[in-house]
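Taken in sequence, the protein lines are chains A and B.
Note that our numbering gives residue 54 to position 54 of the first sequence, counting from 1, and the numbers run on in steps of one.
Note that our numbering gives residue 295 to position 295 of the second sequence, counting from 1, and the numbers run on in steps of one.
These are computed hints drawn from the structure, not numbers from a lab.
All values reported here derive from a predicted model rather than from experimental measurement.
Since the list gives no way to pick out one identical chain from another, each pair is judged satisfied if it fits inside one copy or across any two copies.
Straight-line distance between alpha carbons at most 27 angstroms, and here's what the computed DSS-like set of lysine-lysine pairs gives:
no., residue 1, residue 2
1, LYS26, LYS58
2, LYS101, LYS422
3, LYS177, LYS101
4, LYS415, LYS58
5, LYS26, LYS53
6, LYS26, LYS3
7, LYS27, LYS422
8, LYS422, LYS26
9, LYS50, LYS415
10, LYS52, LYS26
11, LYS27, LYS52
12, LYS27, LYS50
Listed below, chain by chain, are the residues.
Protein chains: 2
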Amino acid sequence: MRKFDAEILVFNGTVITMDTANAVIKKGYVAVNGSQIEAVGTLAEIDSIKGKKRIDAKGGIIMPGLVNVHTHAAMTLLRGLADDLPLMTWLNEHIFPAESKMDDHQVYQGALLACAEMIMSGTTCFCDMYLFTDAVARAASYAGMRAVVGEVLFDFPSPNYGPIERGFEYTQMLIEKWQAHELITIAVEPHSPYLCAPELLQQASNLAQKNELPLIIHLSETRDEVSNLQAKFSATPVQHLANLNVLAPNVIACHCVVLSAEDIRLLDNHHVKVAHNPESNMKLASGIAPIPTLLGNGICVGIGTDGCASNNNLDMLSEIDTAAKLHKVNTLDPTVMDAQTVLKMATIDGARCLGLDHIIGSLEPGKRADIIILDTHKPHLTPMYNPISHIVYAARGSDVSTSIINGQLVMEDRKIGTFDWKEVMQAVARIAATLAPEN
Amino acid sequence: MRKFDAEILVFNGTVITMDTANAVIKKGYVAVNGSQIEAVGTLAEIDSIKGKKRIDAKGGIIMPGLVNVHTHAAMTLLRGLADDLPLMTWLNEHIFPAESKMDDHQVYQGALLACAEMIMSGTTCFCDMYLFTDAVARAASYAGMRAVVGEVLFDFPSPNYGPIERGFEYTQMLIEKWQAHELITIAVEPHSPYLCAPELLQQASNLAQKNELPLIIHLSETRDEVSNLQAKFSATPVQHLANLNVLAPNVIACHCVVLSAEDIRLLDNHHVKVAHNPESNMKLASGIAPIPTLLGNGICVGIGTDGCASNNNLDMLSEIDTAAKLHKVNTLDPTVMDAQTVLKMATIDGARCLGLDHIIGSLEPGKRADIIILDTHKPHLTPMYNPISHIVYAARGSDVSTSIINGQLVMEDRKIGTFDWKEVMQAVARIAATLAPEN
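All chains, please: the whole structure from these sequences, using the hints.
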């Protein structure tokens, strides 16, 4: 038995590794050095490890941090501003007017609040699309969160960069500024086929390919989108992107609610990744994405919350519960989207969507230490026959006690160590007063 | 301004009254004396009240306790025992064998654990069906929870009472034992049209009518149930009950997933109450109950979690979020099941289902003091444009800080005062070891 020192030793919990064998270690530990996982094993081996910082999981669950593959983090600013409205009323009369008032400072505070919420509910990595993206990257970096972020690009003038040429310049600035950062990955993010001209989509695709970056896009979210694209380009949104040579393994297609068999074949052939956002799709009445079919075709699917204006939270534990249940009732088959499959989507498959599965998504030696602990000493997590069932069907965001990201202890016993979230809450409350419709 | 003393004064929060005007008091208070609400008003009036016990809601939400209209509380014992299986495999190979081993003591501990979970997630009243119901009533009473409970009746021998005649004797015993209790209401509870012969259903109906008690029954939960009843009685389950003269205003029909237009007309004509259990119906792949249609017909619908084996929690805040979203996507209309409607279902309409709306379900002088406080000083509840949106779409069970039931402070700052839930968790863990399939 190799003896070694660990900067952080998490022990005395059931370790859900999410490795390729789905190994679960009943009384296990994870040892961290620097930003990396040094070792994962059973309690029997633990005497050989000297842990500088020892974290007792107290019989709880030790697992990879959750990966939220689709967010608009700063939309925390608009949480509950407007609900239960027809999509176009909601967007045109509430969301867009509020967003037109935003600036870099507001987005920074909104994103930082989102980081607090995400850390406190077990997310360690998120993939974001929004305005003033440098602020989102700064917020994630300050909070100590891993993030894939990009500036949203579209045909009309942006409250951030103005005309689209400036949008590409801004994206180029992001790429250069953040390229060496441990936690931040920049993506190229054209909003959608319906808000982006073919030239924009192709330019975005070229930029992403050239820099080997993810390309993130909303795709086939609503029936209206599909019929409008059909009318304009005689192609579904997916076919339209295929025709423009945009579909590729680096593409993360968000939503994919309305898909034809041909669309699914195209996504599969081009190894496109899919971000599934069940709660947002439900709340906006967009529809139910054919996820079991996508999985059956071997397409890689991650899970995201979407923004707080259409959810209205960033709680991945709630999202995976909903995902598991929604597809059962939609297919009238209780065996689809079993707990293991859904947990995979929220961890290693989410990481794969983002092109980060070589460094995160599972607890394995050599990977970055993105680790959370669930406190299972709660009435609603008792008894425990099966920890994976509990994670998916019974646990809540508030059960996450501790979070380590890239080897840094960002939360311990529900206390965030990297920043003062109460100050951020106050700042956001002040901003919200200026965004409310009466202003 | 009337001056008076209050035993408990809850103040400094947004009071969601759920009265007939849906009044919301921005900076309000609720004053409690004995088991009753003495007054509800604005902070401006508060100097006239001397509060013996003063509870500062700290700007949070003060609202009626949630009413869970369909539970099998003691099924906490089976939480996560088996998931993601075909219904008959799940029931016959996992749930029924485990239940056959249960006794009064086990049900008591399971129900008490459920009470801990329910109190800690904002439920103050639940409506239960299970075996060994006296144990459930004792557990609720000991925990200080309001409950409607009844012994499940069916054609085959029960692990509790044996043959059905003894089931009616047991129910009669419950009625007599608990009739004067402040918190407990006994109901007559034939399991379902498919497990109860016509004579059983009629005898149960007569007993309920004679004693003016609720009659609680599973009804039209699955397509198989409907086709089997059709084959046997040439009637849908609803028609079958109508033919037997069982349908009446005291009937709480649980699930009602598969309904014909004629079924809906019958439920409406007989003023039957409906318990909607969206998460269980999703997880078991039963289907989606036509709730917007029922509401459109003026039928009273409450919300329940069902048992922990098919959910797997008793969190009403999660359940109402799911209810609001599920029907939007099912009808492809984002305006159905708006937050106010859903919150009504979980409070005053739930109380109406149970025949208790004259005493609970809203915060009004003269009603019993069943009150909860939500702590909104959390990242995921910031900012707050609309408290009702937050309750339905963003809050979690763990945001409930304080609970008062029948004037008794059962939880303050998340500490349950009525019993030691950690001891109960240990007892349940021991019981679970005996119920696991390998035993």
